[in-house]
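2 protein chains.
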Amino acid sequence: MAEPKQERAVKTRETILYAAAEIFDAYGYSGASISKIMERADVTQGGMYFHFKSKLGLAKAVLAAQQESVVIPEGPPGLQRLIDLNFFLASELQNNVLFRASVRLAVEQGDFGMRDDTAYQEWVDQFHALLCAARERGELLPDVDELEFANVLVGCYSGTQVFSNIASGRADLQSRLTSMWRYLLPAIATPKALMELRLPVDAQRLAA
Amino acid sequence: MAEPKQERAVKTRETILYAAAEIFDAYGYSGASISKIMERADVTQGGMYFHFKSKLGLAKAVLAAQQESVVIPEGPPGLQRLIDLNFFLASELQNNVLFRASVRLAVEQGDFGMRDDTAYQEWVDQFHALLCAARERGELLPDVDELEFANVLVGCYSGTQVFSNIASGRADLQSRLTSMWRYLLPAIATPKALMELRLPVDAQRLAA
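Chains U and X, in that order, are what the protein sequence lines are. At position 17 of the first sequence (counting the first as 1) the number is 16 in numbering that gives the first Met the number 0, and the numbers step up by one without a gap. At position 34 of the second sequence (counting the first as 1) the number is 33 in numbering that gives the first Met the number 0, and the numbers step up by one without a gap.
No lab work stands behind these hints: they were computed from the structure. The model shown is predicted, which means the values in this text are computed figures rather than measured ones. Just to be clear, a hint being listed does not mean it is correct.
[To be verified] Label-pair ranges, simulated between beta-carbon atoms: (1) U:Glu121 - X:Leu55: 51 to 61 Å; (2) U:Glu73 - X:Arg136: 30 to 40 Å; (3) X:Pro141 - U:Tyr26: 24 to 34 Å; (4) X:Asp144 - U:Ser90: 18 to 28 Å; (5) X:Gly74 - U:Glu38: 15 to 25 Å; (6) X:Lys52 - U:Cys131: 18 to 28 Å; (7) U:Leu193 - X:Lys52: 49 to 59 Å; (8) U:Ala25 - X:Arg136: 22 to 32 Å; (9) X:Ala128 - U:Pro190: 46 to 56 Å; (10) X:Gly74 - U:Gly74: 45 to 55 Å; (11) U:Gly45 - X:Gly168: 35 to 45 Å.
All C-beta atoms in this analysis are idealised placements derived from N, C-alpha and C, irrespective of residue type, glycine included.
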């Protein structure tokens with residue numbers, strides 16, 4: 000029996016989105032083209048234009064899928080979870096092409112005339128929620144402003160992954176993140192929380 | 000008397016480089032073209048090709064000029080100078096088109112197929128030298144690794160300016176930098192240095 004039309008359309012859209020991510024990840028926005036993406040997705044021109052009318056539309060859809068492109072592991076909220084999430088996103092950047100392409104488009108969007116900070120603000124919201132949980136658990140120092148630090152963290156994280164990408168193709172991302180956290184934690188964590196928190200990589204260095 | 004040939008060539012090269020920065024700053028790498036740059040610089044095709052053979056060559060020259068595009072104010076080396084330099088670079092990003100274009104190309108270089116971290120490493124070297132001076136002045140906590148923190152700072156700074164650019168066209172850059180330093184300083188500065196250091200913006204907030 001044939002699939003219902005709607006279900007098939009959803010699948011085709013997903014196939015196109017994934018193919019677009021692969022092409023944007025490999026060539027950047029400027030080097031990508033609708034025809035390359037059509038070929039990779041193995042869809043007809045009709046199928047493509049039913050879902051997406053332009054390369055910019057495809058880029059916006061990949062960008063908008065940034066949050067849903069990662070399935071964040073569950074766990075008790077708080078500072079340790081914020082750190083673990085940071086390192087989880089690092090491995091997603093290394094292994095998940097949809098997430099990686101989305102982050103690349105978010106960083107390089109200036110080059111194709113966009114200025115949309117939604118993808119950044121969504122991470123500010125996620126980090127902010129975990130910082131509020133950390134506050135409730137008594138893990139934060141009194142003068143930490145949860146929203147301010149969420150903004151700082153998104154900025155620092157973005158730049159650290161850009162630098163790591165250019166310096167090593169992100170091979171050193173976990174090590175750079177460990178260093179970043181080493182110099183951020185003392186300003187936010189109580190001495191008790193600081194003793195209990197663990198950075199996944201180079202933990203011995205942190206303890207030194 | 001006519002200018003010597005060599006002197007004229009140096010001037011023409013500078014004129015082209017500045018025009019290229021203006022065009023890259025306005026349109027990004029992908030939206031720029033040799034013909035736009037020639038028109039802005041008001042040079043002939045012969046003059047252009049004597050100095051630069053391709054758009055990529057022009058982008059590389061603008062990128063390579065990142066350090067020389069800013070005249071860093073003198074001052075006694077140490078932590079305060081590192082902070083002041085950070086805020087000086089923020090105003091240069093807002094007002095100096097050659098520096099701004101160079102930073103933009105460094106961030107967006109992935110989109111035109113480059114991966115060159117020289118511009119980042121040069122700032123690591125500059126920051127590292129100031130941190131070594133801060134160490135000599137007794138301003139750093141014992142467990143600070145000067146080179147590690149210089150790398151962290153370049154990453155955090157890069158991302159903070161990217162986020163600020165996308166969120167506000169860099170109007171909020173000084174405020175974001177103040178927040179960033181507020182959460183980095185406690186991990187690196189001795190209590191005595193911390194008391195004496197001043198962030199140029201929102202100083203009252205830091206003191207609160």
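Comparing the hints with the structure gives:
Distance hint for U:Glu121 and X:Leu55: a CB-CB separation of about 34 Å, inconsistent with the stated range 51 to 61 Å. For the hinted restraint 30 to 40 Å between U:Glu73 and X:Arg136, the CB-CB distance of approximately 48 Å leaves it violated. At roughly 48 Å, the beta carbons of X:Pro141 and U:Tyr26 sit outside the given window of 24 to 34 Å. Distance hint check: the CB atoms of X:Asp144 and U:Ser90 are about 25 Å apart, consistent with the given range 18 to 28 Å.
The hint said 15 to 25 Å for the Cβ distance between X:Gly74 and U:Glu38, and at roughly 57 Å that hint is violated. Under the hint 18 to 28 Å, the C-beta atoms of X:Lys52 and U:Cys131, about 55 Å apart, miss the expected range. With their beta carbons about 55 Å apart, U:Leu193 and X:Lys52 fall inside the hinted range of 49 to 59 Å. In this structure the supplied range 22 to 32 Å is violated for U:Ala25 paired with X:Arg136, their Cβ-Cβ distance being about 48 Å.
The hinted window of 46 to 56 Å between X:Ala128 and U:Pro190 is violated, with their beta carbons roughly 33 Å apart. Here the CB-CB span from X:Gly74 to U:Gly74 is close to 47 Å, well matched to the stated 45 to 55 Å. In this structure the hint that U:Gly45 and X:Gly168 lie 35 to 45 Å apart at CB holds, the actual value being about 40 Å.
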